[in-house]
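Knowing the structure of chain A, use the given hints to seat chain B on it.
Number of protein chains: 2
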Amino acid sequence: MEDSPEHRPVHRETRFDADVARYAARAKGMVASEIRALFSVANRPEVVSLAGGSPNISGLPLDVVGSLLNELVVDHGTIAMQYCGAQGDPFLREQITDVMSQVGIDASPDDVVVTVGSQQALDLVTKIFCDPGDVVLCEAPSYVGALGVFAAYQCDVVHVEMDDEGLIPEHLENALARLTAVGRRVKFLYTIPSYHNPMGVSLGATRRSQILDICHRYDVLVVEDDPYGLLGFEGEPYRALRADDTARVVYLGSFSKTFAPGFRVGWALAPHAIRDKLVLAQESATLCPPTFSQFAVSTYLANHDWKGQIKSFREMYRERRDAMLESLADLMPATTKWTTPKGGFFVWVTLPEGIDSKAMSPRAVTARVAYVPGTAFYADGYGSQNIRLSYCLPPPDRIREGIRRLAAVVEREMELRETFGPLDSGRGEGVEFPGPEVQ
Amino acid sequence: MEDSPEHRPVHRETRFDADVARYAARAKGMVASEIRALFSVANRPEVVSLAGGSPNISGLPLDVVGSLLNELVVDHGTIAMQYCGAQGDPFLREQITDVMSQVGIDASPDDVVVTVGSQQALDLVTKIFCDPGDVVLCEAPSYVGALGVFAAYQCDVVHVEMDDEGLIPEHLENALARLTAVGRRVKFLYTIPSYHNPMGVSLGATRRSQILDICHRYDVLVVEDDPYGLLGFEGEPYRALRADDTARVVYLGSFSKTFAPGFRVGWALAPHAIRDKLVLAQESATLCPPTFSQFAVSTYLANHDWKGQIKSFREMYRERRDAMLESLADLMPATTKWTTPKGGFFVWVTLPEGIDSKAMSPRAVTARVAYVPGTAFYADGYGSQNIRLSYCLPPPDRIREGIRRLAAVVEREMELRETFGPLDSGRGEGVEFPGPEVQ
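Chains A and B, in that order, give the protein sequences. Going by UniProt numbering, the letters in the first sequence line up with residues 1 to 439, in that order. Going by UniProt numbering, the letters in the second sequence line up with residues 1 to 439, in that order.
Since the hints were derived computationally from the structure, they do not count as laboratory data. No false leads were mixed into what you were given.
Covered, in the sense of this in silico footprint (three residues per stretch, anywhere, with C-beta under 8 Å from a C-beta of chain B), are these stretches of chain A:
#	region
1	71 to 77
2	123 to 137
Chain B residues, not near chain A, derived (Cβ > 10 Å throughout):
#	residue
3	Val157
4	Ile168
5	Glu173
6	Gln309
7	Lys311
8	Glu326
9	Trp338
10	Thr340
11	Phe420
List of simulated lysine to aspartate or glutamate pairs, EDC-like, C-alpha gap at most 20 Å:
#	chain 1	residue 1	chain 2	residue 2
12	B	Lys28	A	Asp276
13	A	Lys337	A	Glu411
14	A	Lys28	B	Asp131
Bear in mind the structure is a predicted one, so any value in this text is a computation, not a measurement. Glycine included, C-beta positions come from ideal geometry on N, C-alpha and C.
Bound-form chain A, shown alone (with noise of 0.2 Å):
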């Protein structure tokens, strides 16, 4: 093709990537989730979606956030709207480490970094911390937004079994004991200790305890990613992993569950050093976070009652998973299992031997039920016997016509396999580093 002006528009636009050969190695990590492509179906409302994580926000009092944020613009409009510091309004900061003394954590203002969600934190944690091949320890299995991230700086994510009360410290060490011998750098251990998307499940004070000290032992970060601790139904919350670490812990918390996801207002607290990386990463990456969002979050944390408003969140949130749990009890095949939450968004299914929850998928949706396969929640393709049902955002006979749905897609599958025979899933044989080829 000549190099003509007129002839170039033709050229360009019949081009389907050009510049497939031109993107960073780290794009090829970026991939559509599981998740994201369902959601498109998902949301039609004659689909029950127990996909979503979304929270239901429907309680919050909008005439008290309008009014507040009015007189926000009013009386402090030029600074609120202006930029700030890469680190975050210093007085918002404060009320950051108030939220965390509910988990235990005693912490300065000055330790804090406000970000972007708490997915901007893990963000920015794993771009001071990862290089290309370095591993990350997660949950086996472990937060989709997280593995995306991990995939993003080009990790190799190695997952650490759990069963219905957390990590399994003995595998965690079995896990750094293989990765040690073999000469892999270990980077961190990303763990959600309490109400774990997707499983959840919760850490109890004796394996914490015992996960620190292996952390401790092989001198492996902790990224505690704890954005549903506030949320539990049962009595106090679970006391947090940065509160009995101070110099080893990176402790990543979020406003989206316990007020309201859009202002997109998260923190990271981190030892001096890494918090000084974390806000040239942040000045970096945006030079300062949302200040208008700050100062609503700050408004409302000083001008509402933010505690009651969690109360009345946990109950509602009860409310739901008492629903889901009774109806996965009433109705599905006796072979299926799942877990119990005492607190956060979801429930995590095992289905009967057999049944490949991605292939079963899009049968849910035509039959008006939609879930997230469990193929999204690992890094190897592990999960293809297991589905997250999240319980957050329909009201409760909405949950139970899901289950109702479900269950029924769940006995036809099972009729399917009894006459055909298993399909075969593509699964593996176990989620812990299998040797030297880590993946």
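Structure of chain B alone, referenced to chain A:
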């Protein structure tokens, strides 16, 4: 040190930065910018700061904005405070195409990705394109925040010379020819064609066409950063590079200077395939850009005379530009030179021979005037004879007072130089690619 829990806290808290060996290679490129270190003193009320680049938003109608946001929360709060798609709100993206039509761009909302300020757009573009060691071409000088992003992704920045009419096409072609000859991979040209930061100059139509043509011949992408495009003081806005090349140019825009920076709403307009990658990168970085910020900007655009507001911003900035240019002409020593911006925020000053702007900086702050030393805008240590002055924030009388103080400081430096001879400013000899060892 033993591994007993009792010893751990003491052991840990006495470490300075125990994680130094743990950081990713890219973290080495994250260092505090000169502007950042300067701001803590420059923001004192007795100092006339000609250093910052924050817009003057005191002219915004706070009562109107406050009332709009109140209505937004009351009427649409459960959507405006919820997660949204990673690409950004479709209606806002449509409004953004309307904004871009002001600089001659005809685009589909489908090709727009909303970002956390245009800074994040630049971060995401660099993230998807640049492997460590890839070359990015920048103007000499260039935006300090862009240099920070390129350093964070371990790019090699090659500066291309400018004059009073912007980037010099012949120098761009020479740089590309030399880089190609030594087998270097140039990922893109980063340029601010209109009302350049820090130089204040703009590219005319002929040079724009020449630059597009050169980039076409060398198959190099163009990243066009246009935060000031609508803030020209004379006649019609410049036609964007993107207006004449839909496939090779990624256009970055922002509401920070035309509305308010605190919402952190910017965008990238990119060819389809690149757009897809940017959406995935955004999802990984933040899940979604702040929904509330997007709705706030959207409702402002829909319900307020935003073009009239920009017109009044332009008049306010023109008056300040005039105050600065007149004061410079009246007060600075005869051998000082400066650019004559036709829009935007900045004047680029070349000091008399032998004066080092960085060394002079603390003496200027002592004399209660602040500026940014030219070296901040180069990746390679040049710029020591230059300073960036901004006229965006102080009112005209403060600008005059600031220039009066600055002129006195420069005169004092000249006397010192005459008495003691020129200081070694540590400058090199040119700004272009000096050979294969690009830094």
